[in-house]
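*Asks:* Here's the letter readout for the chains.
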Amino acid sequence: MNEFLHMGGYARFVWPSYALTLAIVVLNIEWARRSLARARAEARRRLRNRSAAP
Amino acid sequence: MAWTWFHRLASPPHVYALSARLTPWFAWPAGALILAGLYGGLVLAPADYQQGDGFRIIYVHAPSAWMSLMVYVTMAVSAAVGLIWRMKIAHAAAASCALIGASFTVAALVTGSLWGRPMWGTYWEWDPRLTSELILLFLYMGYIALRSAIDDVQRADRASGLLAVVGVVNVPIIHYSVLWWNSLHQAPSVMKLAKPEMPAAMLVPLLMMLCGFTLYFVALLLVRLRGEILRRERSASWIREALAE
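In the order they appear, the protein sequences are chains A and B. Mapping of the first sequence onto this note's numbering: residues 141 to 194, in sequence order. Mapping of the second sequence onto this note's numbering: residues 1437 to 1681, in sequence order.
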């Protein structure tokens, strides 16, 4: 296991690369969800405002 | 009659519902392929005879770089379709791409830099491949900035769409830069199907990562597309039903 983490001496280049890429993969999922949730909330607000208007 | 599918692609309620239905069909295979590719790349693939375990950065660097280009081309083609046929859905797709592409361009640049340090002896060099990839990041950032500066969605679509289409000239420059100029960056070793330069144990995980990231992009695009459709449909009655679900 230690040998695996050591990455033949390249650990300080390999692991940050993987960590950054996977962080961006996860963040993009979160950002996409939030973007949809925000658009849905805005659309709901617009519908409410219109039905409230005379 | 044969064209009905094309017309339905221009229908917001249809695309909204279809996107929601299709998302898991891309998301789950993407997750499985990426996990398998990670295991194959980190554990099963043998160390490179020159670069040792340092070469394993390829399994995150190449998919990120592939995303940066594929997403840009998707964005530019969608923007062109939107501009030419005044198709709202196409503009919505283009707008969905920008942040995804920009973030993976950052990943490609940083992982490339982390790979360059041990192999080339430098984090950064004003090399044609590296410089043109950096310009790609600026194009994405310009696109995002332009959109956020214009409040009206239709005007933002037209202005940013034009920028996306013009910027596409950079894509072949990035791709061929390693062949046209004397570059530190290696020439492609995967996109030559005739004679791959990697043993299968190295190549298969890489292909899994590339396919996995592509499917992952489609899933992200489908989720974002729904939001962008809602933003463009101010008064459609179908939204009431779509939101009720």
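Hints are computed from structural coordinates only; laboratory data are not their basis. Be careful, since some hints might not be right.
[Unchecked claim] Here are the simulated distance ranges between beta carbons: (1) A:Ala151 to B:Tyr1485: 30 to 36 Å; (2) A:His146 to B:Ser1619: 41 to 47 Å; (3) A:Ala163 to B:Val1479: 19 to 25 Å; (4) B:Leu1598 to A:Ala163: 30 to 36 Å.
[Stated by the list, open to error] Chain B stretches covered by chain A per the calculated footprint, using a threshold of three residues with CB under 8 Å from any CB of chain A: (5) 1440-1452; (6) 1488-1494; (7) 1545-1552; (8) 1591-1597; (9) 1654-1668.
[Claimed, not checked] Here are some chain B residues the structure puts well away from chain A; computed CB gaps all over 12 Å: (10) Ala1456; (11) Ala1463; (12) Ala1472; (13) Asp1484; (14) Ser1568; (15) Leu1582; (16) Met1634.
Yeah, the Cβ is synthetic: ideal placement off N, Cα and C, and Gly gets one too.
*Asks:* Are the hints correct? Go through all of them and say.
*Replies:* Evaluated hints:
1. A:Ala151 to B:Tyr1485: 30 to 36 Å: Taking Cβ atoms as reference, A:Ala151 and B:Tyr1485 lie about 19 Å apart, which means the hint is violated.
2. A:His146 to B:Ser1619: 41 to 47 Å: Because 31 Å falls outside the window, the suggested range is violated.
3. A:Ala163 to B:Val1479: 19 to 25 Å: holds (21 Å)
4. B:Leu1598 to A:Ala163: 30 to 36 Å: holds (33 Å)
5. 1440-1452: violated (count 0)
6. 1488-1494: holds (count 5)
7. 1545-1552: Our answer is that it holds, as 4 residues pass the Cβ test (under 8 Å) against chain A, meeting three.
8. 1591-1597: violated (count 0)
9. 1654-1668: holds (count 8)
10. Ala1456: At about 10 Å from chain A, B:Ala1456 fails to clear the 12 Å cut-off, so the statement is violated.
11. Ala1463: Violated, since 9 Å does not exceed 12 Å.
12. Ala1472: holds (15 Å)
13. Asp1484: violated (10 Å)
14. Ser1568: Holds, because the least Cβ-Cβ distance between B:Ser1568 and chain A comes to about 21 Å, which exceeds 12 Å.
15. Leu1582: Correct as stated: the minimum Cβ-Cβ distance to chain A is 18 Å, above 12 Å.
16. Met1634: Fine: 18 Å to the nearest Cβ keeps B:Met1634 off the interface.
In the structure shown, a violation is registered for the earlier hints numbered 1, 2, 5, 8, 10, 11 and 13, in ascending order.
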